[in-house]
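Visitor: The lines below spell out each chain.
Protein chains: 2
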Amino acid sequence: MEKLNQTIASVGPLDAEAMQAARERQDQLTKPQGSLGVLEDLSVQLAGIQGKAQPQVDKKVIIVMAGDHGVVAEGVSAFPQEVTPQMVANFTHGGAGINVLSRHVGAEVRVVDVGVAAKVDIPGVLQKKVRPGTANMVSGPAMSREEAVASLDAGIEVAEAEIAAGADLLGTGDMGIGNTTPSSAILTVLTGADLSITVGRGTGIGAPALEQKKEVIRRAITVNEPDAADGIDVLAKVGGLEIGGLAGVILGAAANRVPVVIDGFISGAAALIAASVCPQSKNYMIASHVSVEPGHKLILEELGLKPMLFMDMRLGEGTGGALASSLVEAAAKVLSEMATFADAGVAEKNEKKTQQSN
Amino acid sequence: MEKLNQTIASVGPLDAEAMQAARERQDQLTKPQGSLGVLEDLSVQLAGIQGKAQPQVDKKVIIVMAGDHGVVAEGVSAFPQEVTPQMVANFTHGGAGINVLSRHVGAEVRVVDVGVAAKVDIPGVLQKKVRPGTANMVSGPAMSREEAVASLDAGIEVAEAEIAAGADLLGTGDMGIGNTTPSSAILTVLTGADLSITVGRGTGIGAPALEQKKEVIRRAITVNEPDAADGIDVLAKVGGLEIGGLAGVILGAAANRVPVVIDGFISGAAALIAASVCPQSKNYMIASHVSVEPGHKLILEELGLKPMLFMDMRLGEGTGGALASSLVEAAAKVLSEMATFADAGVAEKNEKKTQQSN
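Line by line, the protein sequences give chains A and B. So that you can map any letter, position 307 of the first sequence is 307 in my numbering, and since no number is skipped, the others follow by simple counting. So that you can map any letter, position 208 of the second sequence is 208 in my numbering, and since no number is skipped, the others follow by simple counting.
The set of hints was computed from the structure by calculation and includes no laboratory data. It cannot be assumed that every hint is accurate.
For chains that are exact copies, the list does not tell them apart, and a pair is met inside one copy or across any two.
[Unchecked claim] For lysine-lysine, the following DSSO-like pairs were computed, each having C-alpha atoms within a straight-line distance of at most 30 Å:
no. : residue 1 : residue 2
1   : Lys349    : Lys119
2   : Lys282    : Lys3
3   : Lys3      : Lys349
4   : Lys214    : Lys52
5   : Lys297    : Lys214
6   : Lys297    : Lys349
7   : Lys349    : Lys214
8   : Lys333    : Lys306
Turn these sequences into a full structure, and let the hints steer you where they fit.
Guide: Put into C-alpha cells, the structure is as follows:
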C-alpha cells in the first residue's frame, strides 16, 4: 500500500495561474473567442496539468495492459481465452488496430502482461504479472486485496517509467477476453445503476448470452458484496488485473502531472476505480470516444468527462484513445502556434454588436 | 454552364465490387467484426470512391475559399469586413487555426480568392475572383446566375488542379465575414425549416443582432423568391461566392472519384448546393464535425452524413475538416495495415455463442 498511498498523496490540484494565462492567450488568437471549443478547453486543461502557460505534447505513449478473467468459464465472451496471448503477440508484431492507429498519430505502444492466464514469453512485452488471470468471481473474489493493490502498483510503475523516459501524454488500452464483464460489474457497484444500462454485448455475444452475462454479474455482486465506498475492494472482488493496472497508470500519470487519455469501456472502468481511490485524479483525465458499449456514457457522466469522438467503436486496446491523443496534441499546438490579432494585424470584434450578448 | 454540366455528368456511382472486397477484408482483420465502427465504414466508402479494394490517402489538401458579402451592411456579423483579407493574409503566413491544424495532420492548405471585396494581392493566394463581394441580398440577388455558375466553375477548376497534382483527399474550408447569413438562407430555402433552427450567432453576435439577422434572411428570401428546386438559383439569389466555390470543389472531387471532407456550417451549405445540382455527389462527401451553429445538424441530416467529431467548434476555415481528414487517412490504414486472423494466428469467434445473435 505504501507506493499506492504515496502516489495518491502526490496528486495535486491543477495550476490555476497557468490555466488563466492559457485562457487569456486563447482569447488573443486570430479566431472568434471560444470558436475552437474543446480544443481551447483542452489547451487550458493541459496548461493546468503541466503548470505551463504554453503546454506541449511531444511524446505520446499508449499503455496496453493485458489480463485474463476466470469468469470466462461462465460463457460471457464471444471469443476463447487463448485470444488474449495471441493478441499480445499481434501487438508486438505491429498488426493490431492499436498499432496501426498509434503509428498513424505518432504514438508509441507499450504492452504489459499484468495478468494473462498463459505464460507470455514474447520479446517486447513488459512483465508485470500479478497472477495468471483472475479467479471466477461468481464463486468468490476475482483476486485478493493484496493482488488488487499489486496491479495498481504495476500500473503506477509503468507510468513512472514512461514519464521518466520522456512521455508527456499517456493513453490507456486494454486486452483481455471477457473484460467487459468485470467492467460492467465495477460500473454497477460504483453507480448502483441497473444491469440493463451497465451490461452490453462486448465483442459481440447474442441475446441469450447477454442475459447470461447479466446473471453472472448479479451473482458475482451478491456473492462478494463489494464495498462501493472502497475502490480497491471493488477492484479485488469483481474487477480485473488489467483494469487495476490501468487505474494505476492513471494515478501514476496524475501524480506526475501528465495528462492521460482514457480509451473506452474497460479503460473507463479503470478510471472509475482511480477516481474512487483519488477523486482529484479526474482533473488529469481526458475522454476520447463514446463506445458502442451502452454503459460507457454513464461512466463518462460519472467522471464528468466529455468525449470528442463519436465513431461507434468498441475494440478497446486504446484505439479510441490513440485517435484522441492526436486531438490533444493539436490543442497544444493551437495555443502555441496560432498568431494573435496583434501579431497578424487582424481587426477584432465590433464591440457594439457583441456587448448586448445575453 | 458547359464545364459545370460536364462535371455533373461525370459523377458516377461508387464501385460496389471494391466496396464488397473492402468489407470482406475488414471482416478478416484481427478485431471483432464491426468493432472499429465508422473507421470500417469510411474504409469501405473510400474503396467505393477510389475503385480500389485497398484505398489510400496520401496527399490531403484543404481548400479555403474566401469571399465577401454585401449583406454585412445590415449588421449581421460581429466582425468588420476588413477581416476577410486580413485573415487571407494570415492563412498565407501560417498563423491561422487552419494552418496549425493542417500542419498537425500533414495536410496542405490552398487559399483561393473567389470573391473578396478588397483587392487581394498576396503571394500564395490563388486568384479566381468572380466579383468583389456579393450584392446585399435584402435588395436583390446576391449575384447573377452567370456569376453563380462562375463560382462553381472556379471551385471545379481548383479541385481538378489539386487532384492533377496528386491530391487524393480534399477538404473544404471557408473565410468570409458574414457568411453564416447566406448559409442560413440557403438552408432555409432548401429545407423549408424555420429560422429559429437555421439561424445562429455565427462568430458571436448578441441576442438583438440575432433577431436582426433572422429578419434580414426573411427579407432576402421574400425579395428574391429563390427556387428551392434549382440550387444554382438559390446560390445566386441568397448565396455567396465562396459557398459556390466550395460547392464546385465538392463536384470536382466527386467527378474525379476523390473523397471530400465537409467542414462545418458554411461548407455544409455548399454541400447542400452541390447535392441539389448533383444528388450523386453525396456519395463522395465525408462529414467531419458538428458545429455549434444550430442549423448544422439539420444540414448533416439532409445530406445523410454522420459527423465524427463533437468538439463545439465554430471557426470554419476547414478546421473541423482538417482534423477529420486524419481520421479518414486512419481508416484507409486500418484496412491495409492490420493483420488478418490467419496472418497473426489469432483464433476467431466461438460460433455457438454468436449464432444466436438477434
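Visitor: Each hint should be assessed against the structure and marked as holding or not.
Guide: Okay, the hints, checked on the actual structure:
For the homomeric pair Lys349 and Lys119, the shortest alpha-carbon distance between copies (22 Å) is at most 30 Å, but the shortest distance inside one copy (64 Å) is not. In this assembly of identical chains, Lys282 and Lys3 lie within 30 Å of each other by CA distance solely inside one copy; the values are 19 Å within and 56 Å between copies. In this assembly of identical chains, the alpha carbons of Lys3 and Lys349 never lie at most 30 Å apart, being 52 Å within a copy and 40 Å across copies at closest. When the C-alpha separation of Lys214 and Lys52 is checked against a cutoff of 30 Å, the pair qualifies neither within a copy, at 46 Å, nor between copies, at 43 Å.
In the homo-oligomer, the alpha carbons of Lys297 and Lys214 lie at most 30 Å apart inside one protomer (18 Å), although the nearest pairing across protomers, at 36 Å, exceeds that limit. For the identical chains of this complex, Lys297 and Lys349 are inter-copy neighbours only, at 27 Å across copies versus 38 Å inside a copy, given an alpha-carbon limit of 30 Å. Taking the shortest Cα distances, Lys349 and Lys214 sit within 30 Å of each other only across copies (20 Å), while inside one copy they are farther apart (56 Å). Proximity of Lys333 to Lys306 under the C-alpha cut-off of 30 Å is found in both arrangements, the shortest distances being 21 Å within a copy and 27 Å between copies.
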